[in-house]
Structures are given as C-alpha cells and as structure tokens.
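Q: Spelled out from the first residue to the last, the chains are:
2 protein chains.
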Amino acid sequence: MQALREAIAMYGQGLGTDIVKVDMFLNHRIDTALLFAMGEELAARFREEKPQIILTVEASGIAIAVAVARAMGNLPVVFAKKSATVVQSPDVAQAKVYSFTHKRENVIRVDKKYLPAGSRVLIIDDFLADGQACQGMMALCAQTDCQVVGVGIGIEKGFMPGGKNLRAMGVKLSSLAIVKSIEDGHILLEDD
Amino acid sequence: MQALREAIAMYGQGLGTDIVKVDMFLNHRIDTALLFAMGEELAARFREEKPQIILTVEASGIAIAVAVARAMGNLPVVFAKKSATVVQSPDVAQAKVYSFTHKRENVIRVDKKYLPAGSRVLIIDDFLADGQACQGMMALCAQTDCQVVGVGIGIEKGFMPGGKNLRAMGVKLSSLAIVKSIEDGHILLEDD
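These protein sequences, in sequence, are chains U and W.
Going by this note's numbering, the residue at position 132 of the first sequence is 135; the numbering climbs one at a time, nothing skipped.
Going by this note's numbering, the residue at position 184 of the second sequence is 187; the numbering climbs one at a time, nothing skipped.
It is possible that some hints are incorrect.
Identical chains blur together in the list; that is why a pair holds if it fits in one copy or across any two.
As the list claims (entries may be wrong) - With a Cα cut of at most 25 Å, we get these calculated PhoX-like pairs of lysine-lysine:
1) K99 with K183
2) K175 with K115
3) K106 with K167
No lab work stands behind these hints: they were computed from the structure.
Keep in mind the model is a prediction, meaning the values are calculated, not measured.
Please put together the full structure from these sequences, using the hints given.
A: Okay, structure coming up:
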C-alpha cells in the first residue's frame, strides 16, 4: 500500500536487526487519515470473505480494527484483553501469547458471548512478527467455534516466521506492507 | 446523548453500587456505528476549542479517541502507554495513575515529541470515574507545555469525584452520559 510505504520511508526507524519503530504514525501517535486509508484497503481485500466480526487485541490493534470495521459498514469490533478486570464475565475463552514487543507472556481473553459460535471473524492487527498474538486470537476463535475468514495486518515483519506459518496453515493473510529487512537503521520493504 | 442512553438502557449492567458494565458496546465489544456517532457528538461539542491533538490512554480510550479525531478532520491521536516497550524513546513525560477498573497503579507515559509545546490538546476517554487517568493526562500536558482545551468523555460516573473535581478546576468537561447511581442492577442516568 503506497501511502503506508511512504509513511514508513519518511517516519519509520529501524532499530538493530528486528525492531520497526513506527510510533510516529501507527502505534503511539496515530496519523488518522492514514489509519482510515489502511482500514479501507484492508476492507477491500477481505470484503468477499463476508466477515461478521472484527477481532483484535488491545492495545494498538484497536485503532486499525475500528478503521476496518468502519469501512466494512460498521461491523462490530471485539478486542481481546490482556488483563482480567473486576467486571469480567467468568465465561471467557483464553490463550497464552508471548509479546515480542514487551518481552513477556500475556494471557489474552475474550468474553465468549462476544464471539458467538458460527461467526465469520476477520482478525486485524497493526503488526505481525512471530505471529503469537494472531495464533492466540485464532485459538480464541477455535474455542468459541468461530470461523477465521482472514487475517489483515498493517505491517508484517517478513523476516520473522509469523506470516510464513500462517500462510502454510492456509490462512488468508494480507499485509499492507512487508518488511524484508532492517539495514543500518533503514527499513527495507518487499515490493507490493 | 440519546443513542448512548438507549444502549446503556438496553445493554448496560450495574454491578454493586459503582460498576457500570458496558462491554457489550463500548469497551470489549464495540458497536462501531454508535462509536462514530459518539465521536461526532464530542467533536461538535469541542469544535470551537480548535484542538490540534486528541490525547487518550490505552487501551479502551483509543477507539473513541479515533472516532473523535476522524470527526474533527483527521486530527492526530496520541495515546499514552501503560507499559514501557523495548522501542520507547527515553524522552518521555510520565504520570502515576491509579486504575479503578484494575485496582492497581499504572505509570502512563508519552513520548514528548508527540505533544509539542504549545499544542491545543483535547483529552478523550471512554470513562470518567475518580478522574485519575484524566488528571494523569493533564499532568503529561503540563510537562510538555501543552494546553488542555477540554475533556470529552463517553460515560461519566457522576457519583464519583472525577467530574466534579475537573469542573471545579475550570476544565471544560463534557460527558455524553452521566450515571447518577446504580440501584438493584439498574443504571440510572442524569437528564441530558
């Protein structure tokens, strides 16, 4: 996606060999126009899958999930939670997820009533790296007998195994930009 | 706001004397059409304040902040973070916040470069209870020499001190619904 490529080129920073820092426009400060353009592009790529629910995980997945949901005619968004709250229902689906960014294991959970059995679910996240968050959300869908009709991602780290593993499983995965490598602070993208 | 009042009446649950459970449409599952209607209503209430940045705090504030930002002509959204990440800049503003929902203290932080000095900031959050998160965001703005031009809230717990304290400070605060009390599981709202 051209607008995202340009934002990455202008504002993205590569740190070391594996960190893609895009907090200028995606996951700390949000460029709202770009966010909704990303939402429309992902919506177009998955429209024929006829999703009924957009599933993401807090926190930074929420913004792009909302943008996709808006572009798909106000689909409901469900965001899995990383911490139990005092108001949570006991009837939850849950899965363990190792966070690459935070270097720790989280349990993600969703109230089962928000993923009704048989629902067609589109998983959306801002990043795909080792795929743990995504596999965790797929596990939530398996526990609730929902069908994952696709996975839409803002930025995929192509040098990490998450995307490859999902494609090998036959998941319909589409990423708006795929990082090939990080070299001397530069983020190199695969061709669209 | 009528649509929000109706959603609270239909789907909200009062727990005990102080918990307003609205995770069916606001902070676990999101009713996307309602979310954007809330965003437009808050945008209308604060348009004359001419904000330049929408500030919120992860996680559940992000959705409504994005909706307000969209309605105000794609203003940038900055969301304060509750945990340090491996990619975070060392030049952060930070403030301590006690979370009523999670019963624990968090430090919220924002990269100072995303709140440039002199910016007109509109603080947006889904809930206002004791006002800790909001006071924390105001502290971030004070540290970065930004001007808080208003605070826009989805649901205010009118029986808790957050709103009263902010109004006493002269903050322009507007909440789309104010809960007067919780009685026998029912959420009673103040008149608009």
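Q: Hints first: check each against the structure and report whether it holds.
A: Hints, verified against the model:
Taking the closest pair of Cα atoms, K99 and K183 never come within 25 Å of each other, the shortest separation being 28 Å inside a single copy and 39 Å across copies. Proximity of K175 and K115 under a CA criterion of 25 Å is satisfied intra-copy only: 24 Å inside one chain copy versus 39 Å between copies. With identical chains, the CA atoms of K106 and K167 are at most 25 Å apart within one copy only, with a shortest distance of 22 Å there and 40 Å across copies.
When each numbered hint is compared with the structure, a violation occurs for hint 1 only.
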